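Protein chains: 4
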Amino acid sequence: MADQPIRVTVWHEHVHEKKNKVVADLYPDGMHAVMKAGIEEYLGSQVKVGTALLEQPEHGLTQEVLDNTDVLTWWGHRAHNEVDDEIVDRVYKRVLEGMGLIVLHSGHYAKIFKKLMGTGCGLKWREAAEKERLWVVNPGHPIVDGLDEYFELEHTEMYGELFDIPTPDELIFISWFEGGEVFRSGCTWTRGKGKVFYFRPGHETFPIYYDKNVRKVLANGVKYVAPRTGSPYSLKAPNIDKPLSPINSTHEVDESLHQH
Amino acid sequence: MADQPIRVTVWHEHVHEKKNKVVADLYPDGMHAVMKAGIEEYLGSQVKVGTALLEQPEHGLTQEVLDNTDVLTWWGHRAHNEVDDEIVDRVYKRVLEGMGLIVLHSGHYAKIFKKLMGTGCGLKWREAAEKERLWVVNPGHPIVDGLDEYFELEHTEMYGELFDIPTPDELIFISWFEGGEVFRSGCTWTRGKGKVFYFRPGHETFPIYYDKNVRKVLANGVKYVAPRTGSPYSLKAPNIDKPLSPINSTHEVDESLHQH
Amino acid sequence: MADQPIRVTVWHEHVHEKKNKVVADLYPDGMHAVMKAGIEEYLGSQVKVGTALLEQPEHGLTQEVLDNTDVLTWWGHRAHNEVDDEIVDRVYKRVLEGMGLIVLHSGHYAKIFKKLMGTGCGLKWREAAEKERLWVVNPGHPIVDGLDEYFELEHTEMYGELFDIPTPDELIFISWFEGGEVFRSGCTWTRGKGKVFYFRPGHETFPIYYDKNVRKVLANGVKYVAPRTGSPYSLKAPNIDKPLSPINSTHEVDESLHQH
Amino acid sequence: MADQPIRVTVWHEHVHEKKNKVVADLYPDGMHAVMKAGIEEYLGSQVKVGTALLEQPEHGLTQEVLDNTDVLTWWGHRAHNEVDDEIVDRVYKRVLEGMGLIVLHSGHYAKIFKKLMGTGCGLKWREAAEKERLWVVNPGHPIVDGLDEYFELEHTEMYGELFDIPTPDELIFISWFEGGEVFRSGCTWTRGKGKVFYFRPGHETFPIYYDKNVRKVLANGVKYVAPRTGSPYSLKAPNIDKPLSPINSTHEVDESLHQH
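Heads up: the protein sequence lines correspond to chains A, B, C and D, in order.
Sequence positions in the first sequence follow full-length UniProt numbering and run 1 to 260.
Sequence positions in the second sequence follow full-length UniProt numbering and run 1 to 260.
Sequence positions in the third sequence follow full-length UniProt numbering and run 1 to 260.
Sequence positions in the fourth sequence follow full-length UniProt numbering and run 1 to 260.
The following block holds chain A by itself, in its conformation from the complex:
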């Protein structure tokens, strides 16, 4: 592929670490630092990873940062409503233009995810530290490269169906939970030229982002949603006055109508 490294921005709400000792102890430098390390562990010089936080000006997502981001990862939970609508629109536009987006765990309720999905994005949940087993249901997919047919997380928060999303373009993982639920834990969608990958694991009070399988999926995901040149795309609706092929119609056209 390209010789240029994939430019990744790890976006993090960074709220729990400041309020909850369990989280702070697990992630002394913030969850974003561990996600960054996880991606770099597998991709090395294939990526150049930066971070951005809610607390920063423009949430760290200035136009310049986004223009220089190929793949954005998103973790949020408590502070979804504190994300500025203008920044959400900015990210949205970049996704349509081709930037890859990886939405993690409680990011299912992030403004940007709901805006891209067009559905409620709700789900069931339970914090009982139960076991999760993620089954691969798309074994040839690049995102599962190097995985076994399932992997387990010993203690997780449960997310259960109904997960209120549009039919995924690709369903990659289905989770089994000890307490009795199932969940579509790995899904992709195309929006404009951009690819969106939702990946379920990531509860802040468990060491999820230290798990080697989770990190592998994250790294595979970065490579998968990274943009190609593709063919032209525009958010405009262009008028094509001159037909490409001859029109034999003899209908009288009222020129006053030519406005859209």
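Watch out, some of these pointers could steer you wrong.
No copy labels: a pair is met if it fits in one copy or bridges any two.
Said to hold, decoys possible - Okay, derived cross-link-like pairs now, BS3-like style, lysine-lysine, Cα gap no bigger than 30 Å in a straight line:
hint : residue 1 : residue 2
1    : Lys216    : Lys242
2    : Lys93     : Lys236
3    : Lys21     : Lys93
4    : Lys93     : Lys212
5    : Lys216    : Lys21
6    : Lys236    : Lys216
7    : Lys236    : Lys18
8    : Lys115    : Lys21
If you are wondering where the hints come from, they were derived from the structure by calculation, not from laboratory data.
Small disclaimer: the values here were computed from a predicted structure and weren't measured.
Mind docking chains B, C and D on chain A? Use the hints.
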């Protein structure tokens, strides 16, 4: 099926008729009147059809009207921005809860359609009164019941790809245009419990809604997107504290974390 | 819809009942009799249900029987290889032409299912009489009409992913199994004009077809896959010598090439 | 990605060249030679391309050749029925296990394509040397990398809908034909671990495989369907006697039933 008639509300912007003599002459009682008649022509006592207009209080879409609507059809063009966001949210919520929605022609840029799709919804266009031929690509689908393998509209506005939509759950029609473009003219998506059907024809300066095939598709569409009882659905994200099956985990759960 | 009842043929291998006392005790008149009763329980005069068995001439699926079948249900396990290829081809052709097909449980390995899917159709399995919980993931779908958000089967054979099928057009149920697996238990596909519905439950040594939810799904499925008139369909590849629109090309065509 | 080149085998029926002077003049070394050159033109050392012909022993597709093929391209027309069923089964198995397959033009009726699709695979056709314009409808897809929003072929055989295929996982091109038809000209499906890409252009009496856009798509396609390691896959249906998680069920299991 059910003995109750399907309750349809035909929503119309109703702007062109007041400003353009061609449109006024074609649709002296408004396009909504002709759409209503078209649906009734094929479905008779199977439907009960009302209309609602932008100019009415709450655009004619009060909570009561929506609560008593099974299928909403939507035609808009010039005045998309005049539709109140609160009404859009109200319609959106009803679609997720199961109300069927049929979006017509220039409604591709309606707020409600963009909100449900999560994409830019742009397209190419040309007003040259050219011929359109709509090919059926899903011959067993209820929406094409009674059609031939294609039908033609002698004079139409052209809509061309790229149509910036998410992958349709079902692709039903592809249009050929005399001037050289193609278009995915009939598409469906599921959003929450609701079905959305986009149908391309409907330019205001041509007698499109008098065409028997267009009317047949409209009627078939009403039946197709009409809601079923289905299984439970909620826009909430419920906590399921009590597991359905026993959890053998021995992990200590910090109760202070139990907040979502 | 039509006033005519849907003509259903319940096809059954009918082998286990003769060899295994448990099955014979559960289904003294054969599983097909109970499936038939289940469909009739919910659909009454909306259906006319017949049965056909492997042991009958042409497996009970003569051309005449198939020509008068709107929906075929298929249960097989031990004797997949005893089904005549000619009969499989006959069923296949009818599905493409619009007959609905419901494939049940171990029918995942039936010749007709593999031929329609184009994949291996394998899965994992275990007979440990464990609990299965089927979660609805498509709450507005006609097939789940009248169900709750999940239903349970106290004792079932387990089927686990990877279920080697093409991406379903619609995913309706995901099963949770006590022993740790998940499964896409309700899926639909379109093939030609026909709809195919695979529904997992149905192990012969448990009273699955007496379960009210299973019967409800079976009845809903019959209504869902029943054919419409639709638009024309042909298994031929017709030559369309005369173009529908004028061709301005000036290329010399070698007439000797006109053979496909 | 991998440092190893993608191993491509270009399979060709190689019949028309021997019977038709037009074809022989266009492709003096056979169409396969030109396809090979086209792939190599864009991918250079990223690929290692071999060819295989119907006329060779085992049609050039020995088990060894297939075991050393990452991507197989397939062109056939007159001699579909001369392809040995055993070879078809061999290719089929390799696709499910992960080998990429690119089916070209009249290959829509090849045994291997029909077996993988599970449908009739028919279409309409006309040889009138008309113009074809292929529109990109998936602008971020790797297969359209480097293309404009459409490309044209001045003289082609027409293929028209209904193209009797299962819903593609991805729809990439829609063709417009001068004579009035449309066609889904670029489609992908997943089968087992393998990716299948159907690409329409390729009529033998026109210089299609010399066209730079066609060659670019072919090269992009090779990269897209090339297999990854992925996660484990098996054509077997394994019994998983030992549950992954404890089963609390108390049901008596009759051991004599444990046979699948």
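key: Within, between, both or neither, where lysine 216 and lysine 242 count as close if Cα-Cα is 30 Å or less   = So lysine 216 and lysine 242 pass the 30 Å test across copies only (28 Å; inside, 50 Å).
task = Can you give me the call for lysine 93 and lysine 212, within, between, both or neither, at a CA distance of at most 30 Å?
result = Close neither inside one copy (33 Å) nor across copies (32 Å); limit 30 Å.
ask   = Between lysine 115 and lysine 21, at a C-alpha cutoff of 30 Å, which is it: within one copy, between copies, both, or neither?
value = neither (33 Å within a copy, 39 Å between copies)
query = How would you classify lysine 236 and lysine 216 at a CA-CA limit of 30 Å: within, between, both, or neither?
reply = between (38 Å within a copy, 27 Å between copies)
task = Classify it for me, lysine 93 with lysine 236: is the Cα-Cα distance of at most 30 Å met within a copy, between copies, both or neither?
result = both (12 Å within a copy, 28 Å between copies)
inquiry  = Within, between, both or neither: how does the pair lysine 216, lysine 21 come out at a Cα-Cα threshold of 30 Å?
reply    = within (27 Å within a copy, 50 Å between copies)
message = Within, between, both or neither: how does the pair lysine 21, lysine 93 come out at a Cα-Cα threshold of 30 Å?
response = neither (37 Å within a copy, 38 Å between copies)
ask   = When no copy is named, should lysine 236 and lysine 18 be tagged within, between, both, or neither for a Cα gap of at most 30 Å?
value = So lysine 236 and lysine 18 pass the 30 Å test across copies only (27 Å; inside, 43 Å).
Comparing the model with each numbered hint stated earlier shows that hints 3, 4 and 8 do not hold.
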